[in-house]
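J.: Protein chains in written order, with my numbering: chain A, 98 to 417; chain B, 21 to 337.
If you're looking for bench data, these hints aren't it; they were derived computationally from the structure.
Some hints here could point you the wrong way.
Said to hold, decoys possible - Derived, one-sided and incomplete: chain B residues facing chain A with beta-carbon distance under 8 angstroms:
hint : residue
1    : 52
2    : 56
3    : 102
4    : 105
5    : 130
6    : 132
7    : 133
8    : 134
9    : 154
10   : 159
11   : 161
12   : 198
13   : 215
14   : 217
15   : 316
Stated by the list, open to error - Label-pair distances were calculated between CB atoms; the ranges are:
hint : chain 1 : residue 1 : chain 2 : residue 2 : range
16   : A       : 151       : B       : 136       : 20 to 28 angstroms
17   : B       : 247       : A       : 354       : 21 to 29 angstroms
18   : A       : 150       : B       : 27        : 25 to 33 angstroms
19   : B       : 197       : A       : 150       : 50 to 58 angstroms
20   : A       : 299       : B       : 232       : 40 to 48 angstroms
21   : B       : 179       : A       : 280       : 36 to 44 angstroms
22   : B       : 202       : A       : 228       : 47 to 55 angstroms
Note that the Cβ used here is the ideal one computed from N, Cα and C, for glycine as well.
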Amino acid sequence: MFVWHKRGHIFDPAAHARAGWMHAFAQAPATLVFDTFVRVYFSCRPRPDAQGQYVSHAAYVDFDRATLTRITAVAGRPVLELGARGTFDEFGTYPMSVIRHGDEIRAYYGGWTRCVSVPFNVAIGLAISRDGGVSFEKQAPGPVLPADPDEPFVISGPKIRRFGGRWYLWYIAGTKWIPTDGRPEPVYRIRMATSDDGVQWTRSHRELIPPRLEADECQASPDVIFANGAYHMFFCYRYSLGYRGRERGYRIGYARSTDLTTWVRDDDRAGIDVSDEGWDSEMVSYPHVFEVDGRTLMLYLGNDVGRHGFGLAELQGTLS
Amino acid sequence: MKWAKRGLLFEPRHHTLPNGCTEFAQAPQALVFDDFVRIYFSTRNRDEQGEYVSHIAFADVDTQVRRVLRVSTGTVTPTGALGAFDEHGIFPMNVVRHDGNIYAFTCGWSRRVSVPVETAIGLAVSHDGGTTFERVGTGPVMTASHDEPFLVGDPFVLVRHGLWHMWYIYGTAWMDTPSEPAPARVYKIARATSRDGIAWERTGTRIIADRIGADECQALPTVFECDGLWHMYFCYRHATDFRTNPRRGYRLGYAWSRDGHAWRRDDAAAGIDVSPSGWDSDMLCYPHVFWSGGQAYMLYNGNAFGRGGFGVAALER
Chain A
98 MFVWHKRGHI
108 FDPAAHARAG
118 WMHAFAQAPA
128 TLVFDTFVRV
138 YFSCRPRPDA
148 QGQYVSHAAY
158 VDFDRATLTR
168 ITAVAGRPVL
178 ELGARGTFDE
188 FGTYPMSVIR
198 HGDEIRAYYG
208 GWTRCVSVPF
218 NVAIGLAISR
228 DGGVSFEKQA
238 PGPVLPADPD
248 EPFVISGPKI
258 RRFGGRWYLW
268 YIAGTKWIPT
278 DGRPEPVYRI
288 RMATSDDGVQ
298 WTRSHRELIP
308 PRLEADECQA
318 SPDVIFANGA
328 YHMFFCYRYS
338 LGYRGRERGY
348 RIGYARSTDL
358 TTWVRDDDRA
368 GIDVSDEGWD
378 SEMVSYPHVF
388 EVDGRTLMLY
398 LGNDVGRHGF
408 GLAELQGTLS
Chain B
21 MKWAKRGLLF
31 EPRHHTLPNG
41 CTEFAQAPQA
51 LVFDDFVRIY
61 FSTRNRDEQG
71 EYVSHIAFAD
81 VDTQVRRVLR
91 VSTGTVTPTG
101 ALGAFDEHGI
111 FPMNVVRHDG
121 NIYAFTCGWS
131 RRVSVPVETA
141 IGLAVSHDGG
151 TTFERVGTGP
161 VMTASHDEPF
171 LVGDPFVLVR
181 HGLWHMWYIY
191 GTAWMDTPSE
201 PAPARVYKIA
211 RATSRDGIAW
221 ERTGTRIIAD
231 RIGADECQAL
241 PTVFECDGLW
251 HMYFCYRHAT
261 DFRTNPRRGY
271 RLGYAWSRDG
281 HAWRRDDAAA
291 GIDVSPSGWD
301 SDMLCYPHVF
311 WSGGQAYMLY
321 NGNAFGRGGF
331 GVAALER
């Protein structure tokens, strides 16, 4: 089992509110390491509108590289504009995953639209920054990874990586919507696609991680890092219904692969769980693992899926 | 081209349709059998919210396309699952015979909040000779992506020398229009190719020039071969005030091509226009051309987008 030492709740969006676009939530943290700081991208929300509907904006906060807890800057505006009327990302950009590519920084993000019979749909978009990650411009008005016959809706949760000169995208795909007395609830599972250029994708068309809690287990945030000769995936999972409390809410799972094709799920090794009390006592979710200066760190969300921001944990030793 | 109109061929009010549908027989599409021609079309009922849902039905007609022999009695293909791209209707459905199989390319509709609708193209296969169709997957084969950001629909497919050709439309704008109750859509005709009918390669470009301005809406291409050329009919209209203003509603456009890729628009040569009076006096739309017994026929809708049914015209050569 990995041993993670929790370093606390390092970012609360309420303490850095921005009029009109950042009121609460700092979800799905993703890092980019700079010389003197580590930039953490996240998705935040303004207050809901009169109908109680949210939009999600992508933003960042910079932490001093030595401490990783001292904030040195917070985005003054969203890094990515919402889409035009009728486009896939009109109502949200969440989550976002970033990677350097030459002089550019690419962002793959979930674009949200609103539907009538179900609350939303999501497809994955691509945006590019040419100013060091302060702002991103969409590569096109449509998505780079939309639905297909086998992945009919809710294509979301992108995590972009490059290994051995190839592009890898881990993401989630919806399998069904469950009717309820209120809003229908989606079921989604972890999948993978590969690419030579990051634009044209070939999907593996299979679920990588077998469900453990129930047949309709929902899985998100498939965050992959290579260390000590193996690929390590931290992700989060929960029950499909009644998941807003401690009993059935998100936990962090773990899977391992040596060939990027076969994954062995072993949640007992994840080594991080809810706390007895405090900001992460009901759920832990949306892990992102990164290395900096010989340290292995995890950013993750706590209660209410990041309404109050994210925390940091540090691995004892290395991922083996 | 010169088309001899024969008048209304199918009027939904004269038949009992499946799924409780009573009005509309839109976007007729033919599948030719030895001794009859099956014409699939979209008809409508209303759901629990009182909103229209388009369903596929068919009418079988004789090989000379003069009279209706029978009408489908069951569901041809059900609408999609909760949250799926075709949950709220299928309109139109293009049917293709290839290698002993019958394929249907569907235009699925689902409702949106900020705009009325989104569409995408699905694939279904018939295992019973064209009576019913089963989806290939829950999701679409062609949907919004890259430079085609919404409203991918209206497929028309031909298979030639192992290559699948699809002509279809995609949206280019949702316009704010104070005069209309909802944002107005603009869409254009494009082309994609495939080796298997499932994975499609798009060219990312429009292929039919505008005639009535940049906001011209182009819909439902149909392509056929005749005298060594490819011919396309489609319908086009103004983006706003098109429902009841006969001067701004759908008309038929025409283009021709030597290779199916580069097209020259020539509406003046279409050889068919609105009638002075009657069921197709205000509007012509949703053309579909096919061959039966060495004769080319065009099925099409008239006034009110086909609320009263569809008609037929024969090519004069």
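J.: A separate judgement is required for each hint: does it hold in the structure or not?
T.: Now the hints, each set against the structure:
Among the interface hints, the one on residue 52(B) is violated; its C-beta lies about 27 angstroms from the nearest C-beta in chain A, farther than the 8 angstroms criterion. Checking residue 56(B) against chain A by beta carbon gives a least distance of about 31 angstroms; that is not within 8 angstroms, so the hint is violated. A cut of 8 angstroms between beta carbons decides the hint on residue 102(B): the least distance to chain A is about 4 angstroms, and the hint holds. This hint holds: residue 105(B) has a C-beta 7 angstroms from the nearest C-beta of chain A, less than the 8 angstroms allowed.
Hint status for residue 130(B): holds, given a least beta-carbon distance of 7 angstroms to chain A, under 8 angstroms. Hint on residue 132(B) holds. Least Cβ distance to chain A is approximately 6 angstroms, under the 8 angstroms limit. Taking 8 angstroms as the C-beta contact cut-off toward chain A, the hint placing residue 133(B) at the interface holds, the least distance being around 4 angstroms. Nearest Cβ of chain A to the Cβ of residue 134(B): about 6 angstroms, under the 8 angstroms cut. The hint holds.
A cut of 8 angstroms between beta carbons decides the hint on residue 154(B): the least distance to chain A is about 12 angstroms, and the hint is violated. Of the supplied interface hints, the one on residue 159(B) holds, with its beta-carbon coming within about 3 angstroms of a beta-carbon of chain A, less than 8 angstroms. Nearest Cβ of chain A to the Cβ of residue 161(B): about 6 angstroms, under the 8 angstroms cut. The hint holds. For the restraint placing residue 198(B) at the interface with chain A, the shortest Cβ-Cβ distance is roughly 15 angstroms, beyond the 8 angstroms limit, so the hint is violated.
Interface hint status for residue 215(B): violated, as the beta-carbon distance to the closest one in chain A is roughly 15 angstroms, over 8 angstroms. Look at residue 217(B): its Cβ only gets to about 11 angstroms from chain A, farther than 8 angstroms, so that hint breaks. Hint status for residue 316(B) relative to chain A: violated, with the closest Cβ pair at about 33 angstroms, above 8 angstroms. For the pair residue 151(A) and residue 136(B), the supplied restraint of 20 to 28 angstroms holds, since their beta-carbon distance comes to about 22 angstroms.
At roughly 59 angstroms, the beta-carbon separation of residue 247(B) and residue 354(A) lies outside the given 21 to 29 angstroms, and the hint is violated. Distance hint check for residue 150(A) and residue 27(B): the Cβ-Cβ separation is about 50 angstroms, which falls outside the suggested range of 25 to 33 angstroms. For the pair residue 197(B) and residue 150(A), the supplied restraint of 50 to 58 angstroms is violated, since their beta-carbon distance comes to about 23 angstroms. At about 41 angstroms, the beta-carbon gap between residue 299(A) and residue 232(B) stays in the expected band of 40 to 48 angstroms.
Range check, residue 179(B) to residue 280(A): Cβ separation about 42 angstroms, and the 36 to 44 angstroms hint holds. A hinted range of 47 to 55 angstroms for the beta carbons of residue 202(B) and residue 228(A) is inconsistent with their spacing of about 38 angstroms.
This entry does not satisfy hints 1, 2, 9, 12, 13, 14, 15, 17, 18, 19 and 22, going by the numbered hints stated previously.
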